[in-house]
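Student: Mapped onto UniProt numbering, the consecutive letters of the sequence shown carry residue numbers 1 to 567.
Note that these hints are calculated values from the structure, not bench results. Mixed in with the good hints there might be a few duds.
Claimed, not checked - With beta-carbon atoms standing in for the labels, derived distance ranges:
| no. | residue 1 | residue 2 | range |
| --- | --- | --- | --- |
| 1 | P49 | W343 | 18 to 26 Å |
| 2 | F113 | F525 | 50 to 58 Å |
| 3 | S363 | R507 | 29 to 37 Å |
| 4 | P520 | P135 | 41 to 49 Å |
The beta carbon of each residue, even a glycine, is placed where N, CA and C say it ideally should be.
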Amino acid sequence: MDRSGGRYTIGIDFGTLSGRAVLVEVATGEEVATAVYEYANGVIDERLPGSDIPLPPDTALQDPADYLRTLEETVPRVLELGQVAPEQVIGIGVDFTACTMLPTKADGTPLCFLEAYRSNPHSWVKLWKHHAAQPHANRLNAVARERGERFLARYGGKISSEWFFPKAWQILDEAPEVYEAADRLLEAADWVIWQLTGVETRNACTAGYKAIWSKREGFPDGEFFAALDPRLAGIVDEKMSRSILPQGARAGGLTQVWAEKLGLRPGIAVAVANVDAHVAVPACTVVSPNKMVMVMGTSICHLVLGKEQVEVEGMCGVVEDGILPGYYGYEAGQAAVGDIFGWFVEQGVPEGYGEEARRRGISVHELLEEKAARLQPGESGLLALDWWNGNRSVLVDADLAGMVLGMTLSTTPEEIYRALIEATAFGTRVIIDTFEARGIAIEELYACGGLPERNRLLMQIYADVTQRPIRVARSSQTPALGSAMFAAVAAGPEGGGYASIVDAAARMAGLKEEVYRPDPEASAFYEPLYREYVLLHDYFGRGANDVMKRLKEMRARWRSAGGPACR
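Produce the entire structure from the sequences given, and follow the hints as far as they go.
Tutor: Below, the structure is given as structure tokens:
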């Protein structure tokens, strides 16, 4: 195909295990080429590279060098695959997991690149699912409640251990030498933009959803941070920035150095960074309220647009203009979904299932889906809590754990697999019901990510449990497409792009024809099961029985002492 007359943008999506670039035609949204780079060091949760020293429980780190390698490997590759000339590319957009943050020197050099700090885990990137800062989040929330801080209402009453300030405080508390050496603390999303443009910028999406910033009030004041720890009093002015750029803005132009590395023209528009889930909303065609977007992968992020700000229990945040200009963007989420299914396949399925899958030329996931689809709602007698990685919404508690109730000697793997799928669907239903109880109507669901592409049973169960139709994004790389759309907005009409993200969505986004519609009979069966889930959810999640937390404490004492927890 002759592409010599087209204009293109590149969206780069930095995920949990890999990064991918997508080359997109600006006029149509056609995804011309895709390239993926699997991170060499992946998720660092056992030992630092080159070290034999075990990392503490709930640690999840990454190597920023993997992000640079992603750029260098994927961008030239999509240009080659798409047979597009450098002068046809008008912009680059980037999205990231969040909060994924790191400490750097004033010139942007990560501390983990420096020999003096490389052996200290706190010098590395703290990945979004790093939960070792939970004690700091607990203390932060207690102080905020004591002081009557108004910002808590914007975050469902709790700040998560996954967010920026608990992680920054953990660095200060456990590695003060790293904190002192860090001239800057910033999101990895903003760090990548810094590398590409040579200009340090901060984006409103991560600042608003992960760092307690608001368009009207800015960050919390120094007195609040001093109440946490006097050494934190100046964190915003000393190690961050109060200059926050909106989504769709131009962060800067591509530097000569990076233009040569990527095979692009210097000076093309680089969009302000975005969060991987939030950038997917317009890529799902959603540019108005009453529609919930579910970004479904290792975890799920639930996103809704509203015309006003209200308090919703356990929401991850509400940010004015945080997703689209002119709307309040609401976020909630589940900390593990696809990860739960992956764990079960790796740890809980007998070898006979693996042999059958290999013999038939399908994956174990596909085999379990096929077998689980033959079961009816409630047939297995099982009920699970989907807290394998804690609970993000609506309980906001990383110390909770997963469970399966009702197993017998006759329980089969497919019954457990279906119960796990149902549990994650019930978790989403709790989130929807919580939003609706506060007057935010959810009429339709939109899905994107890896799970809708691979698991039809899961999507039908979600439709049945939530009793709502689910539409699926046309793109299988929705965050990267969204980043490419924002790149077109950063380029602007004068640069061959669009004046707004709404204009870009009208031309570049799309949906698949198939719609998952709730089966009334299945929905009726799920109602009593859902009520049992809510009872279990509240019993273990709201303080009636904190056994999950006590067990977690025992495990931590055992690991730290190298022996029995009773020592």
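Student: Decide, hint by hint, whether the structure agrees.
Tutor: Cross-check of the supplied hints:
Between P49 and W343, the C-beta spacing of about 24 Å keeps the proposed range 18 to 26 Å intact. Here the CB-CB span from F113 to F525 is close to 55 Å, well matched to the stated 50 to 58 Å. Here the CB-CB span from S363 to R507 is close to 36 Å, well matched to the stated 29 to 37 Å. Under the hint 41 to 49 Å, the C-beta atoms of P520 and P135, about 47 Å apart, fit the expected range.
This entry satisfies every hint, going by the numbered hints stated previously.
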